[in-house]
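J.: As given, the protein sequences belong to chains L and F, one line each in that order.
All residue numbers for the first sequence refer to UniProt numbering, where the first residue is 1 and numbers rise by one.
All residue numbers for the second sequence refer to UniProt numbering, where the first residue is 1 and numbers rise by one.
Bear in mind the hints are in silico, worked out from the structure with no lab data behind them.
A few of these clues could be false.
The list treats identical chains as interchangeable, and a pair is accepted whether it falls inside one copy or across any two copies.
[Unchecked claim] Straight-line distance between alpha carbons at most 20 angstroms, and here's what the computed EDC-like set of lysine to aspartate or glutamate pairs gives:
| no. | residue 1 | residue 2 |
| --- | --- | --- |
| 1 | Lys179 | Glu57 |
| 2 | Lys179 | Glu132 |
| 3 | Lys18 | Glu75 |
| 4 | Lys103 | Asp151 |
| 5 | Lys179 | Asp117 |
| 6 | Lys179 | Asp152 |
| 7 | Lys81 | Glu30 |
| 8 | Lys179 | Asp151 |
| 9 | Lys179 | Glu137 |
| 10 | Lys18 | Asp61 |
There are 2 protein chains.
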Amino acid sequence: MARTIGSHGPTTMEAIRKAGLRLIFQHGYEAMSLRQLAAEVGIQPGSLYNHISTKQELLADLIQDHINDLLRELETALRDKEGAVERLRAFVAFHVSYHMTRKREVFIANSELRSLDPRNYEAVVALRGAYEQRLAEILTDGVAEGVFDVDDVQVATFAIIALLTGLCSWYRPGGRLTKDAIIAAHEKLVLSGVMPRSAKPSPSGRDGIKTE
Amino acid sequence: MARTIGSHGPTTMEAIRKAGLRLIFQHGYEAMSLRQLAAEVGIQPGSLYNHISTKQELLADLIQDHINDLLRELETALRDKEGAVERLRAFVAFHVSYHMTRKREVFIANSELRSLDPRNYEAVVALRGAYEQRLAEILTDGVAEGVFDVDDVQVATFAIIALLTGLCSWYRPGGRLTKDAIIAAHEKLVLSGVMPRSAKPSPSGRDGIKTE
Numbered sequence: 001m002a003r004t005i006g007s008h009g010p011t012t013m014e015a016i017r018k019a020g021l022r023l024i025f026q027h028g029y030e031a032m033s034l035r036q037l038a039a040e041v042g043i044q045p046g047s048l049y050n051h052i053s054t055k056q057e058l059l060a061d062l063i064q065d066h067i068n069d070l071l072r073e074l075e076t077a078l079r080d081k082e083g084a085v086e087r088l089r090a091f092v093a094f095h096v097s098y099h100m101t102r103k104r105e106v107f108i109a110n111s112e113l114r115s116l117d118p119r120n121y122e123a124v125v126a127l128r129g130a131y132e133q134r135l136a137e138i139l140t141d142g143v144a145e146g147v148f149d150v151d152d153v154q155v156a157t158f159a160i161i162a163l164l165t166g167l168c169s170w171y172r173p174g175g176r177l178t179k180d181a182i183i184a185a186h187e188k189l190v191l192s193g194v195m196p197r198s199a200k201p202s203p204s205g206r207d208g209i210k211t212e
Numbered sequence: 001m002a003r004t005i006g007s008h009g010p011t012t013m014e015a016i017r018k019a020g021l022r023l024i025f026q027h028g029y030e031a032m033s034l035r036q037l038a039a040e041v042g043i044q045p046g047s048l049y050n051h052i053s054t055k056q057e058l059l060a061d062l063i064q065d066h067i068n069d070l071l072r073e074l075e076t077a078l079r080d081k082e083g084a085v086e087r088l089r090a091f092v093a094f095h096v097s098y099h100m101t102r103k104r105e106v107f108i109a110n111s112e113l114r115s116l117d118p119r120n121y122e123a124v125v126a127l128r129g130a131y132e133q134r135l136a137e138i139l140t141d142g143v144a145e146g147v148f149d150v151d152d153v154q155v156a157t158f159a160i161i162a163l164l165t166g167l168c169s170w171y172r173p174g175g176r177l178t179k180d181a182i183i184a185a186h187e188k189l190v191l192s193g194v195m196p197r198s199a200k201p202s203p204s205g206r207d208g209i210k211t212e
């Protein structure tokens, strides 16, 4: 987050971030040299240090900013949504829409955790945990409200996020399905996945739901 | 697959594959040098060429062998399983169990598709497609049998595989849950996700299920 703002600072910084994303996505963090990054941006290698202090800092910023954006925009998506079912629906629609536009950020945030130094790794894992926690709370509330039937909230949280994020590996704009159809298909899978299946007449209802 | 079998050929080859997996998992394919690989195995760099012809060939072999293993073992897991529900349950249990033991292979097969040359990329995508097709067939059969209610079989196929594979990012042996509990939690999420939700008393049963 420590960005030097000089003349054209923010613009150059934005170009560095975009080029960094592209290069790390394509070659991996470790294989990307700062010389290559500078060439991609069109500046001298030495000039990079007016904007970033290290390659590690750039990686950590890219990943942290991505998860901070996720958290902030999720907040907006969940605002005014009431009840676990509506909130889960909103979570799914938000996560899918957001991930349709951030393929590179998502890939790097998942594949380059290995390259973060311990301090940055801890910070990223904590941020990611905060995002996961938002979903875990919705699931926990749904179980308490009697509308969800979930074996294990933590497993379900990880599984649902993986399901929704999987979209990044195949989604291309302009494909066979509309954005809305894709969101609807994901909503149905996730909502059905956590709602009681073909509720038996007798032991159903709030009291009949096992939360184990 | 083209492995030279000399004296100690298979053993050295196995060591090269294991070291390659470790190094690519840790540093990325592009960042791994053959010099580093040879050092990890404990042989001279020049000796590598008795076993692999190129770094590219090693990567392609690692990924293709992984997916071929998946396909072959899935075949065994589905043998004698009848009906879409039983076959989906078997698919889930197999995929989860297998992925509990192949974290590195799975990571590389997903993150290093970018590093495959076009011929190897096509071959891997075809193999992966064959695996996905097995799940798509189960879902399609289930819709035809009237036991599944799926918006879009292709989206559901990708989503279910992503959900199940997500386990690789958090599973550690000896954790809070037993292997069986983890499989059961995944089975429930996936089966519920594709089965008709809280079937209304009247139009339930095979004929009443909408497949859209």
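J.: Could you tell me which of the numbered hints above are not met by this structure, giving the numbers in increasing order?
T.: Violated: hints 1, 2, 3, 4, 5, 7, 9.
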